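Chain by chain, the residues run as shown.
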Amino acid sequence: MNIVVCVKQVPDTATERKLRSDDKTLDRDAVDGVVNELDEYAVEEALKLKEAHGGEVTVLSMGPGKATETIRKALAMGADKAVHLSDDALHGSDALSTSYAMAQALKKIGFDLVILGSESTDARTGVLAAMLAERLGTPQLTLANKVDVDGSSIAIQRLTDYGFDRVEATLPAVVSVVEKINEPRYPSFKGIMAAKKKPVETLGIADADIAADQVGLDAAWSEVVDFAAAPPRAAGTIVKDEGDGGAKAAEFLASKKFI
Amino acid sequence: MSEILVLVEQLDGEVKKVTLELLTLARGLGTPAAVWAGPGLTDGAKAKLAEYGAEKIYVASSADVVDHVVAPKAELLAQLVADKSPAAVLVAATAEGKEVAGRLAVKTDSGVITDAVGLGEGFVADQSIFGGGVNVRSRVRKGTPIVAVRPNSTAPEPAAGAGAEEEVSLTLSEAAKAARVVERVKQEKGARPELTEAAIVVSGGRGVGSAENFSVIEGLADALGAAVGASRAATDAGWYPHQFQVGQTGKTVSPQLYIAAGISGAIQHRAGMQTAKTIVAINKDPEAPIFELADYGVVGDLHQVVPQLTEEVTKRK
Numbered sequence: 001m002n003i004v005v006c007v008k009q010v011p012d013t014a015t016e017r018k019l020r021s022d023d024k025t026l027d028r029d030a031v032d033g034v035v036n037e038l039d040e041y042a043v044e045e046a047l048k049l050k051e052a053h054g055g056e057v058t059v060l061s062m063g064p065g066k067a068t069e070t071i072r073k074a075l076a077m078g079a080d081k082a083v084h085l086s087d088d089a090l091h092g093s094d095a096l097s098t099s100y101a102m103a104q105a106l107k108k109i110g111f112d113l114v115i116l117g118s119e120s121t122d123a124r125t126g127v128l129a130a131m132l133a134e135r136l137g138t139p140q141l142t143l144a145n146k147v148d149v150d151g152s153s154i155a156i157q158r159l160t161d162y163g164f165d166r167v168e169a170t171l172p173a174v175v176s177v178v179e180k181i182n183e184p185r186y187p188s189f190k191g192i193m194a195a196k197k198k199p200v201e202t203l204g205i206a207d208a209d210i211a212a213d214q215v216g217l218d219a220a221w222s223e224v225v226d227f228a229a230a231p232p233r234a235a236g237t238i239v240k241d242e243g244d245g246g247a248k249a250a251e252f253l254a255s256k257k258f259i
Numbered sequence: 001m002s003e004i005l006v007l008v009e010q011l012d013g014e015v016k017k018v019t020l021e022l023l024t025l026a027r028g029l030g031t032p033a034a035v036w037a038g039p040g041l042t043d044g045a046k047a048k049l050a051e052y053g054a055e056k057i058y059v060a061s062s063a064d065v066v067d068h069v070v071a072p073k074a075e076l077l078a079q080l081v082a083d084k085s086p087a088a089v090l091v092a093a094t095a096e097g098k099e100v101a102g103r104l105a106v107k108t109d110s111g112v113i114t115d116a117v118g119l120g121e122g123f124v125a126d127q128s129i130f131g132g133g134v135n136v137r138s139r140v141r142k143g144t145p146i147v148a149v150r151p152n153s154t155a156p157e158p159a160a161g162a163g164a165e166e167e168v169s170l171t172l173s174e175a176a177k178a179a180r181v182v183e184r185v186k187q188e189k190g191a192r193p194e195l196t197e198a199a200i201v202v203s204g205g206r207g208v209g210s211a212e213n214f215s216v217i218e219g220l221a222d223a224l225g226a227a228v229g230a231s232r233a234a235t236d237a238g239w240y241p242h243q244f245q246v247g248q249t250g251k252t253v254s255p256q257l258y259i260a261a262g263i264s265g266a267i268q269h270r271a272g273m274q275t276a277k278t279i280v281a282i283n284k285d286p287e288a289p290i291f292e293l294a295d296y297g298v299v300g301d302l303h304q305v306v307p308q309l310t311e312e313v314t315k316r317k
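Here the protein sequences come in this chain order: A and B.
Just so we're aligned: 70 in UniProt numbering is position 70 of the first sequence, and the numbers increase by one with no gaps anywhere.
Just so we're aligned: 259 in UniProt numbering is position 259 of the second sequence, and the numbers increase by one with no gaps anywhere.
Quick caveat, the hints were computed from the structure, so don't treat them as lab data.
Among the hints, erroneous ones may be present.
Across the chosen pairs, the derived CB separations fall in these ranges [to be verified]:
#1 Lys190(A) to Ser173(B): 44 to 52 angstroms
#2 Ser188(A) to Gln187(B): 47 to 55 angstroms
#3 Glu212(B) to Gly243(A): 21 to 29 angstroms
Just so it is clear, the structure is predicted and the values come from calculations on it, not from any experiment.
C-beta atoms are modelled at their ideal positions from N, C-alpha and C, and glycine is treated no differently.
Here chain B stands alone, though its shape is the one from the complex (with noise of 0.2 angstroms):
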């Protein structure tokens, strides 16, 4: 079988759970190959890779694949087509990975697929377009298959793979140089998933009523393990972090389940969460447009039902 491309997310040297779910993606339609652009593959990233499947883990360590934006990453996957013909590139959907995805379809003179949720047999990508009113089925015509997977996409399985590591020799061009990456600036994140990748997402919006309430909705997502999110309307507030935001001109989130407190359900909003499996809204207006998507759904004031929540949630702990 034809080997499939995985360009691994990490950070600080750990696999992101993405990855896990690309290599097991691709292990349905051929051989996955882990690609590590930069240095800092560690043993355990390592076997991280091969239990999930990586027959092969190509390495370009060198710094400078990281230290310049984007650029290198697309030159060091556009030499691995040419050299080993692989059947298909996937990429996580994130910001970052969508541009390498982009500038490589332009390298290789393929076509790209970005915001896949599903991928199947020919590389037929399931999509959900216009804030999750249609599902599109698309497919690359030319070239090498592209895809950029949103996270959440499938649910990653360990299957052993060789994990058999590969230096790959790279010269980057000048042009690839041109951005330099001058400084990492690190946020505090605490102990809290990544909002994109989290299985759980508990967001809130204007009902939370101020930036101190918000810890109101970060106490239940610490005690489900889960991300927080906030509508634009917190946002725009100032209540919380605009990095946070879920929506239209946020983040996409895709989780197993998605708990909306105070957000009336714009389709601002829902075009950032409407692919999440299960919803449960609380919300003290009974017409918010919420509750036509909601699996369950509480009428009633957050600032009772999510701290009563948070308590059984703790107590069935």
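Chain A on its own, in the form it takes in the complex (with noise of 0.2 angstroms):
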């Protein structure tokens, strides 16, 4: 089975993220670059999956040269190759032009399975995996906690609100996984090392037949109109519980008509 894994970069969102004052993206340059949690899951169920039924796990990833951490990362876990997709033209693509040039990629690259995290920590706008099925006419298994594969059907739980649906389809597919769908290995020494010498091929837009008008700020399909940090919220309240915390917390509720 031909499987490819996609994964981000994103911020480390233990450190202050910024949008820069002049174009009005996210600002990667000023903070550290981590591999998107979830992401981090859909390589692990990239991986048994390889385990349990052959084949082979492509990393694909789309962003700046820094990228490379991630997808080193990846290939660390036990991915075989990478795929970089990076491009000047790329930035500053909003999820339609993503999701467009990734299907590109992904039409190049060939697969009967792609897997990607549910979202991402920095933009969290949750359609990527969606928006991929329906540019690549695949079908969509997402937000799963459980991945089945027999030949060439697949199952999956998907999560609702009200619990999970199961669905099933023949592949190609894409899913999409969320938390704890598994839990996801950490790269040994051996594997760090035998990264380095995993291939990593780098596409630009032309490499991948992305149209250069499809993409990057100019294309966006939705604008930033202005930002602004949020006011920081008032002070509140802070009592020390002496035997009546309880009570107190209540008169407050009571004094904003909550009770």
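Join the two chains, each given in its own frame, into one complex according to the hints.
The structure is reproduced here in structure tokens:
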């Protein structure tokens, strides 16, 4: 089975994240990049499926040069090879552009299964997997907390507000995974060393047949009008519990008409 | 005024509160038209949608619409966008709502904005990003604006609409039927409101100490008619099911009142609750960052404070 796992480098959520004042995009230079947490579950799931069914795991990441750190981590976990979609023309791409560029790259790579995290911790749109399924014309098996493959059949448990749905389809398919679907492995020393020798192919937009007028900030379908730091919340009242903390909290709730 | 399509969220024929909020928002910007995807539109649901201002209710009643993942709903909305030329399409910013919005954006070559917490003239949307640290105003600049709006972004207000039902004849593509829902498993949720929709959320964290002790959190939640949430520390420890996790990698909630008990308030958690209108924190550690957000904080042991609060709430009812 030919599995492509999509990973994104995102700013470490422990650092202060900012928008750039010039083009209102995320300032990626100012912060440390880490692997998007939910994508680690995607990599783990891809590796488990490969271990069970054979095949190959290819990492696909779109992002600036720095994203190679993230690619190396996925390779160190055990993926076989990687494709880094990187081009200055992609800077500022919104979800529509990103899904278009990723879909073009996926068509070029070829796949039986595409796996990605259900959302990124930076933009948090949660739309990419659905958009990829739409663009690739493949079944959408998203928000999975369980994935089973049997020959060309695939079944997932899709998390819903009321519990979950059992969903079935035929490969090729696009799968997104949620937290806790598995326990992502830590790269071993051997894995880290091996990752340095694994092939990473860099694709520019022309290499992946991506039209320049469909990507980047100028092509974006939506735009930031303006932004500002959220005003700090007004300092609240903090009391020490002297045996009456619950009663005092109740008084506060009553003063706000919650009770 | 132009129509604004509102995709209805419902469970077992009951219209969810977020849909009433979207109809309320839509009324300020155009003429709301509700879109009911799938079978099960009851007279009660119709009356509810009309009560909150739906002039029309478009219905695609085939079971095929809900028996396949997301794609049919996007096809239904795309057809309505083509036929009715609405000014905008609003969906709830639930995980599935955002997926519908994403596919619809691709189909109609339109921009999409997710997780709006407000929507104004020209469909300029307010968003709160980076864990609540930055407020952004965004707008769609190509196609029909598609906006996924978070629950609790506005208070639902009734204002009667005609609620005229119109069946939509929809022929789904084969591609839209590729992912088949073969079984729906409804987990027992009891009488509590849904986490993302609830007006009040009571969450427990590391300080709760064990799975059994979550009954303290549940007790307060039930006294307030609230939903129960949990921090990642609590779900990682297996004390509470993962689907109730509030935070960066869990659910984002925006309730009127958020009570955090035994939660320190790491960024992981704050990202999921910082837009709550009023925040109350109960924690043993006076230095816990959650107190920086709190409108009211009690420094103390939640095992003493929460049961007392529950008792007071019950007394005052």
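Evaluated hints:
In this structure the hint that Lys190(A) and Ser173(B) lie 44 to 52 angstroms apart at CB holds, the actual value being about 48 angstroms. In this structure the hint that Ser188(A) and Gln187(B) lie 47 to 55 angstroms apart at CB is violated, the actual value being about 37 angstroms. In this structure the supplied range 21 to 29 angstroms holds for Glu212(B) paired with Gly243(A), their Cβ-Cβ distance being about 24 angstroms.
Checked against the numbered hints given earlier, the structure breaks only hint 2 and satisfies all the rest.
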